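Chains U and E, in that order, are what the protein sequence lines are.
Numbering-wise, the first sequence is residues 4 to 400 according to my numbering.
Numbering-wise, the second sequence is residues 4 to 400 according to my numbering.
A hint or two may mislead.
[To be verified] Below, in silico cross-link-like pairs of lysine-lysine (DSBU-like), each with a Cα-Cα straight-line distance of 30 Å or less:
id	chain 1	residue 1	chain 2	residue 2
1	U	Lys280	U	Lys167
2	E	Lys45	U	Lys235
3	U	Lys194	U	Lys159
4	E	Lys45	U	Lys280
5	U	Lys45	E	Lys280
For the record, the hints were derived by calculation from the structure and aren't laboratory data.
For clarity, every value in this text was computed on a predicted model and none was experimentally measured.
Number of protein chains: 2
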Amino acid sequence: MRDVAIIGVGHTKFGKWETKTAVELFAEAALQAMEDAGVEGKEIEALFVGSALPDFGEGQAMINVHCTSELGLGQIPSTRFEGACASSTVAIRDAHMWVASGEFDVVLVGGTERVLPMGTPLATRTFAMAMHAVSEVPAGLTFPGVFALVAMLYSKTYGIPLEKLREKMAHVSVQNHRHGALNPLAQFYRKYGDLKVEDVLGSRMVCDPLTLLDCCPFSDGAAALVLCAAEKARKYTDTPVYILGTGQGTGGAMGRFGEELIRPPSRVMSARMALKKSGLEPKDIQILELHDCFTPAEIIALEGMGFFEWGKAADAVEDGQVDIGGKIPTNMSGGLIGKGHPIGATGASQVCMIVEQMRGNAPKGNQVDPVPETGMTDTMGGSFGTLSHIVLGRSRR
Amino acid sequence: MRDVAIIGVGHTKFGKWETKTAVELFAEAALQAMEDAGVEGKEIEALFVGSALPDFGEGQAMINVHCTSELGLGQIPSTRFEGACASSTVAIRDAHMWVASGEFDVVLVGGTERVLPMGTPLATRTFAMAMHAVSEVPAGLTFPGVFALVAMLYSKTYGIPLEKLREKMAHVSVQNHRHGALNPLAQFYRKYGDLKVEDVLGSRMVCDPLTLLDCCPFSDGAAALVLCAAEKARKYTDTPVYILGTGQGTGGAMGRFGEELIRPPSRVMSARMALKKSGLEPKDIQILELHDCFTPAEIIALEGMGFFEWGKAADAVEDGQVDIGGKIPTNMSGGLIGKGHPIGATGASQVCMIVEQMRGNAPKGNQVDPVPETGMTDTMGGSFGTLSHIVLGRSRR
């Protein structure tokens with residue numbers, strides 16, 4: 004199969020959008036990506052859109068159709084992917100396949116979501132539908148509950164007292180908010196930049212042991228990419244970023260995970276698949292954007308992807324090993340916690356943020372130096388229901 | 004790219020399922036398809052599931068995850084496609100690409116939906132979300148309304164008085180109910196087998212000029228297929244059916260169609276794409292399963308796919324040209340009207356029905372003789388938002 008390059012990226016500000024629908028947000032990000040790539044609408048051969056619950060958010064199913072129409076792209080094939088929070092990563096993986104196979108040369112892919120109009124109670128309830136409707140939702144489980152359980156199990160399994168673990172978790176929040184505060188596209192731009200561990204520990208309890216500052220916010224926003232067959236990428240850009248490998252793994256009802264809840268096989272399998280495809284190992288990856296929907300989520304993601312031994316990432320975060328200058332700089336965009344989490348847009352946003360790092364275009368203070376050669380994203384949908392990973396590089400394999 | 008074969012099919016009865024969830028219905032169809040193919044779970048490399056609104060139907064988003072888990076397929080990549088009524092055709096088209104590209108050898112694909120627990124008012128309201136949420140839904144438009152407009156425009160455009168057109172439309176209902184009554188998998192098995200044109204005209208008015216018998220029912224059900232690289236298909240079956248070509252086209256808000264509402268460009272583009280890929284023309288296709296959600300839908304589908312001149316299919320239906328022995332036998336399964344329409348399952352069901360015809364396994368009275376060599380499906384999601392077509396053959400290209 005052919006190599007595939009990212010030749011353009013677009014990204015709305017994440018946060019509260021009162022005046023645009025999810026379709027309009029997608030169009031804004033997509034037009035930016037097309038302009039960035041120097042691609043005209045008539046060159047786009049297909050559209051791939053990730054969106055988790057646009058029907059609940061705005062009463063719009065088949066959102067891909069109206070994104071296509073809004074952009075004036077004619078009758079080109081256009082497909083919606085729903086994989087909860089991993090919706091647009093799955094869309095990117097699929098778009099990659101259609102270009103890699105030789106079927107299309109230039110396609111547009113991204114994600115969009117408008118969550119805030121629902122309000123927190125309805126948003127919490129609707130997003131919980133990404134868990135098992137028969138066993139988990141009736142038990143009253145929501146996503147803060149899932150990651151509270153993750154923290155409790157992590158504490159017990161690795162013998163880290165919960166109060167100690169909470170401090171380590173708080174470092175995730177502090178670092179990601181610090182990065183988000185420097186990112187003009189972030190929901191918390193210029194906010195929470197000087198958060199302290201004590202602030203996180205002392206903020207309002209949401210679901211023991213998670214406080215409000217352990218949680219990512221609900222957000223509105225969109226992100227988009229133009230993908231192109233690698234051999235044609237130089238026609239459009241001097242700074243292509245290549246998709247070196249993708250992975251996707253599937254979970255199930257949480258009850259089936261048992262003790263593996265903190266090392267979900269769906270993540271391990273997907274990350275390994277993406278790395279294997281790329282011919283790389285964790286030691287070869289220079290930056291990460293990963294799914295920190297709650298602080299313990301970042302810790303177990305670092306381990307599940309193979310960047311730290313089981314039970315060691317909480318210490319590593321506290322030691323600054325995932326900050327700039329550390330072993331593996333992570334979530335320089337602010338991550339879900341600092342940048343925001345417009346569900347279906349998050350995966351595409353993660354890839355956009357890696358591309359900007361690889362172009363040396365990340366915000367001052369967040370740019371890794373020297374400009375990274377490789378990077379990887381991790382996106383999780385549901386309670387480890389869908390994991391998807393993308394490995395990116397400035398050079399072809 | 005490689006040729007791809009269908010080596011197994013599975014299909015629940017369509018109708019009212021009180022005792023199974025959409026996940027369980029999918030598992031039933033999938034296990035049938037795997038047994039039919041002689042494929043074990045460990046051989047399945049990926050799962051592709053079409054489902055339109057499982058979150059509204061049963062509070063289950065990410066239904067693909069729980070289908071994978073229910074089937075014990077481990078962590079294999081599993082993706083949900085939402086394209087309203089075309090959800091599973093889009094899933095099949097995508098699954099085909101992943102096998103054709105060489106990435107996977109054996110995959111499982113299908114669709115599932117449980118609509119009836121919602122009841123007609125909620126189902127009508129939720130499915131209307133596949134139209135444009137900003138302009139069409141607030142105008143009060145529902146799908147019966149869309150096809151009432153289609154009938155009115157067809158009458159006006161081609162100068163066929165509405166009362167005459169209603170009689171021609173009624174022939175669609177009579178034929179498809181007659182076929183459905185012979186199909187044990189159909190919702191209306193052994194019902195409405197001897198319907199008369201007068202019965203259709205005289206049944207309860209739903210949306211002028213459409214009566215109840217001009218409309219397909221809401222249904223629960225699932226259908227699934229096992230796809231395999233063609234070169235390996237003979238290992239599993241003596242009767243592979245090959246996917247010769249697929250197509251997909253995109254519409255938009257109906258207002259943008261204008262006079263083209265009765266010849267939607269999304270269908271024309273998609274059907275041509277599928278036929279071109281297969282190297283065939285309409286004259287080469289021997290049977291059809293197409294999207295007769297309402298009687299005028301069948302008429303305009305026959306024209307949009309290129310089987311009759313614009314404005315001529317209504318007469319053709321009345322003349323028996325789409326019945327067995329006619330120019331192009333259509334919807335021998337009963338179609339959506341006679342077999343039922345579990346939204347996300349319909350596309351996969353259409354392909355299953357063509358495969359059974361090509362194996363000579365269709366129900367007595369519905370089997371085309373001699374056994375057809377080629378066939379084609381047409382599935383429409385939303386108000387022509389997504390059209391997708393699949394061309395099938397007993398021989399490789």
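Hint check against the structure, violated hint numbers in rising order: Numbers 1, 2 and 3, in rising order.
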